[in-house]
Amino acid sequence: MALFVELVLSGIMVGSIYALVALGWTLIYKCSGVLNLAMGELTLIGAYISLTYYHWGFPFPVALIAMLVTGFILGLVTERLVLRRMIGEPILAVIMITAGLSFFFRALVGFVWGTDTVVFTPPVFPREPVRFFEMVFAEIYLWSFVAAIAMLVILVWFFQRSRWGLSMQATADDEMAALSLGVSAKWVYALAWAIAFMAAGVGGTLLGNINGLNISVGYLGLLVLPAVVLGGLNSIPGAIVGGIIIGILQNLSDAYVGKLTGGGVKEIAPFVFMVIILLFRPYGLWGWVKIERV
Amino acid sequence: MYLPAGVYHETYAASHAWWQTNFVRAKMALLVVFVATLPLYTSLYVISVANITLYTILSALGVQLLIGYCGQITLGHAAFIAVGAYATAMGVLFWGLPYPVAMAVGCLLAGLWSALFGLPSARIKGFYMIMTTMAAQFITVDFIITKYVSRVGGREHYFSLPPGTITIGGWPVDGEVKVYYLASALTLLCLAGMANLLRTRVGRAWIAIRDNDIAAETMGVNVVYYKLLAFFAAGVLGGVAGAVWIPSLFFVSPEHFQLSWSLWLVGVVLIGGLGSLHGVVFGAIFVTVILELLKFAVIPLSGVYPALTERFLYVKEAAFGLAIVLFLLYEPRGLAYRWQQVKNYFNLWPFAY
Amino acid sequence: MKRLALALLALAVLLPPLPGAVGAQEVKLGSLNDLTGPTSDVGKDVALGIREAVQYVNDTGGINGKKIRLFLYDYGYRVPEAITTYKRFRDFDRVPAVLGWGTGDTEALSPTVAKDRMPYLSHSFSAKLTDPKTAPYNFVYGTDYSSNARAAMTAWFEEVWQKDPRFKAAREKGEKPRVVMFYAFPIPYATAPIKALKDHAALLGFEVGPDQDVSLVALDTKSQVLAAKAFKPHLAWHGNTTMSVAATIKDAHALELGADHIVNNWGYDENLVRLAGPAAEGVMGIAVTAFYGEKVPLMDKVLEYGKKINPGVPPEARMIRTVQSWVQVLMMAEAMKRADKAGKLNGPGIKEAFETFKGWTPGLGRPPITLTATDHRPGSVIPVYRIKGGKFELVKNVDLKERWPKQWDGEFFGY
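Note that the protein sequences, when read in sequence, are chains A, B and C. Residue numbers for the first sequence follow the working numbering, so the first one is 6 and each next one is one higher. Residue numbers for the second sequence follow the working numbering, so the first one is 156 and each next one is one higher. Residue numbers for the third sequence follow the working numbering, so the first one is 992 and each next one is one higher.
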C-alpha cells in the first residue's frame, strides 16, 4: 500500500512537470491552431540553456530568469522565421514543419552539448531524502512540484487578468472578431510560442535537476501528446490535469504492469492509454466537442 | 495530358493507354536500360547509395499512397516495414521458406497489420489519425517487436543474416550489386503497379476521399472500405520494402524501424511533392544524395572544425530537419511541382502557359 | 584522380573476398566506436585511448616495420550505422581486422565476420563471443561479462555477506541473501550476463528478486528503486554503463534502498565517483585492467601519450577506459606481428596468431591472456574492486577456474 501511495505521489510531482510542457503545447494550439511536434526539443533547449548559465557561475534563480528571457526571444524568433509563413497551410505541412524543427533542434543540441549526461554541479537542491510518514521522497521532487504549480498559477493569472492574456484568449476563441477589435494576431502567435518556450524550459530545468540532463529529455515531448489528448486539445486546465494523470500512469504501469510484461512499459503505456481514449472519447476530458466525425 | 502535334489515337485502347506517345515509350525503355546497366560502369559506392535510394522509394511509396492519394496522414509507416522485414526474416531463418514465399507472407502480414491500425480511420481523421498511427509505431516496434519478436529463437539467433542466407532459387543475394538488381526490379514493379492502380476505380475512389470524403460518401463511394484498402495496400508496399531491405543487412534489429524513419519518410514525400509518384522518386533521390554530398563536404571542413566529423550524425539530422523546413517554406508543393513546371516550359514554349 | 580511384576500387571488388590484402608499408585497422550515442560516456574515452595506443605502436616500430593506418568511425550505438560501417571496412577500406564495440552489433555480426573471415576484437565481453564453435572469429581482451558477474557476486558473498557484522543476525537466522538486478532489458550488453548471474545466484544460495528495467540514458529511476525496495534486497547488480548506474545509485541512496551495489565493468569507473558523489561509497565492481594512473608497467607511456596527443583533455577527466583501449590495441598489434612473422598478415592469419597467445600480457594491470583454438576466454582470474573515499581499492582476485574447475570448462562456458 505504501508503495502505491509513493508511486502516486511521485507521479503527481513528475506529472506537474509534464503539465507545464503540455500547457505550452495547448497554448500554441489554442492561439494559432498549430500542432507542435517539437515540444520535447523546446524542453531540451531550455534545460541546456539554464544549465549553461548555471555553469557559467550565475546563481540558480538568476540562471533561471536568464533562461526565461532567452526562451522568450527564441520563441519570438522561431515564430517569426518559420511559423509566420505557414498560416493557412494545410495541417500536414504545419505538423511536418514542426517535425522538421524538432529534428533540427535535437541535432543542434546534440552537436553543441553532446550526449553525455550532465548534472547541475554543485547540486541546486540537497540530495538527502525527505520523510513523510513512512514514505521517502527526494527533495527535488517537492521543489519541482512547487515550482511547477507556481508557474501554472502565474500563467493562469496571466490569461485571466492581464490584457495580453485576454487578447490571446480572444484570438483563440474567434480570430476574426479579435482582429476586428484591434488585437494583433501576429503578436499573439509570437507570444504563444514565447510562453511555450519558457514553460517548456522551466519544465526541462526541473527535470534536469532530478538526476541530470541528457538528450533523452527530448523524448518527453512525445509524452505531451497523450497528455493533451487526455485533457482535451483546447483546454488549459485539461492539459494540466492530463499531464499529472500521465505522470501517475507511467509510474503505476511501470511498477504493476511491468511485472507481467518484463518491463519496458513505462514509455509506451501513455500511448496505449491514448489510443483507448481516442477510440471512446476523442475530445478528452475537457475539450470542445467539435472534432469532425467521419 | 499534353499530346504533341501529330499524335492522335484511333482506338479507345490507344487513348486509354498509359504510355501514349513514342517519346514516352522510348523514355521508359531508356530508363529500364539505365537502371539495368548501372552497375557496369559505376563504382560499388554508387551502387550502395542507389540501394539506399531504392529502399527509400519503396518505403515512401506506401506513405505517398496514404497521405498523397488517400488523405490519411500516417506517422507510423516504419512499423509496417518492420513487420514485413521481420516476417520475411523469420520465414527464411526459422520456417525454411524460400525467400519469394517468405516475402509474400511478409507482405500479407504487413498489409493486414496495417489495415488493423487503419480501423480507427473509420471514425477519426486529421490530428487523431496522426496520433493513432504514431501509437501504432510505438506499439508495434518499440513494444511487440523489441520485446517479443526479436527475442524469438533466443539471443543466439539475433536474426543474423550472414551473406548467402538469402537465395532466390539458388541464386544467392549477397553483395551490393545483387541486392541492387533485386531492389530495382521490385521498385520498378511496384511503381508500375501503383501507377496502374491509381488509374482504376480504386485509385479514383482514393482521390475522391482525399479531396472531400463526405462528398465521396454521398456519391456512393464506400469510404470505410476504400480507406481500409488504402491501409492494406500501403502495408503491402511496406512489406515489400522491408523484405527487399534485409538482404542488404547482416542482421535485422528493431532499431532500423524507429519513429525517426517514419518521420523521415513523410519528409521525403513532402519534399518530393504530395500526390505524385514522380515526387516519391525525386524526394528519395534528393534526400539520399544530399546526405552523401554532405559527407563529402564535411571531410575537408573537418580539418578546421574537427567536431564536424565527430558529431557527423547530428549534422546529418540537422540538415534533414532544415531541408524539410526550407522546402515547406519555399517549395511547399515539392520537387514534382518544379519538375512539372520545367516540363511545361518546354512543352509550351514559346508560350508562357 | 577520383575517377581513377573509383575505377580501381571497382576492379578490386572482383578480387576474392579475403579481407585485407595489404599494401606495401602499412597495415589497416578498422575501429567502430560510439562517440555520440547512449554509451558515449565510456565510448569517448575509449576512442581517445585507441588513437593514442596506435600512435604508440607506430612510434615503437609498428608491425615489424609497417605502420598501422587506423580507420576510426563513430556509429552512435545505432545498429543501421554499425552495418554500414562494417560494410565500409570490408568493401572500401579493406581492413584485415576490426576493433569492435557494442555487444548487440558484435553478436549479430558474428556469423558474418565468420563468413568473411574478419577477426573482430571487441570491447564487448559477451560470453557468447568466447566460444569458437559459434563465434570463431570473435575475440575479447578481457574476461567475459558472465564470468565477471559471477566473480563479483562471489566476492560480495564471501567478503561481505559472510564476514560483515551487518548481516550477522540474518546469517544466524539462516536467511538467504536477496539480490535484485538493475539493467536495460532491451540492450544486449546489459542482458548478456543475467542468465549466468541468476544461475550463479542459485548456486550460492541467493534469493532473486524482480528485475528492474533501467534505460541506458535513464535520468529518473525512482519507480524502479521503489519497486525493488518492496523486495528488501541485500545486494543490487547494475548492468548498464556509468550514466544510468550513477542515476540508479543516487536514487537508491535517496530512497534508502538499503542494499550493497555490484557493478558491471562498463559502469564502474572514475566517472561513477564524480556523478554519484557520496552515494558511490562502498560500491563494488569489476575492472579488467588497472585504473588510469595506477603504478603498473607501461602506465607511464599511457600518461605520456595522453598528454602528447590529447592535451586538451585534462588527466583528471581520463578514465580506465583509456587503459582498456591500450590493452585492446596492443593485443591486436601483437597478433598482427605474429601473423606477419608467419607470413600471413590477413584475416585467417591473424585469427591463428590470436590463438597462439599463452600467458601474454601487455602490463597495465591486465592478468595474463591465454587463447586456444577451442577457448577464446582470456583467463579465469577476475579482480573485484570497491570504492573507498572516492578511490578504488582491490577487494580480492576471484579465480573462477580454481573455485569451480568442472563448471569452468563445462556449463560456465560460452553463455
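By construction, these hints were calculated from the structure, which means they are not laboratory data. Heads up, a few of these hints could be off.
Straight-line C-alpha distance at most 35 angstroms; calculated DSBU-like pairs for lysine-lysine [said to hold, decoys possible]:
{"no.": "1", "chain 1": "B", "residue 1": "302", "chain 2": "B", "residue 2": "280"}
{"no.": "2", "chain 1": "B", "residue 1": "471", "chain 2": "C", "residue 2": "1078"}
{"no.": "3", "chain 1": "C", "residue 1": "1299", "chain 2": "C", "residue 2": "1154"}
{"no.": "4", "chain 1": "B", "residue 1": "471", "chain 2": "C", "residue 2": "1154"}
One side of the interface only, derived from the structure: several residues of chain C facing chain B at Cβ under 7 angstroms [unchecked claim]:
{"no.": "5", "residue": "1099"}
{"no.": "6", "residue": "1102"}
{"no.": "7", "residue": "1103"}
{"no.": "8", "residue": "1106"}
Virtual Cβ for every residue (Gly too), placed ideally from N, Cα, C.
Structure-based check of all given hints:
1. B/302 <-> B/280: OK: residue 302 of chain B and residue 280 of chain B at ~30 angstroms, within 35 angstroms.
2. B/471 <-> C/1078: Holds. Residue 471 of chain B to residue 1078 of chain C sits at ~20 angstroms (cutoff 35 angstroms).
3. C/1299 <-> C/1154: violated, 46 angstroms
4. B/471 <-> C/1154: violated, 56 angstroms
5. 1099: Cβ of residue 1099 of chain C sits 4 angstroms from chain B, so the hint holds.
6. 1102: Holds: closest Cβ of chain B sits about 4 angstroms from residue 1102 of chain C, inside 7 angstroms.
7. 1103: With a minimum Cβ separation of about 4 angstroms from chain B (threshold 7 angstroms), the hint on residue 1103 of chain C holds.
8. 1106: Interface hint status for residue 1106 of chain C: holds (5 angstroms vs cutoff 7 angstroms).
Hints 3, 4 from the list above are not met by this structure, while the remaining hints are.
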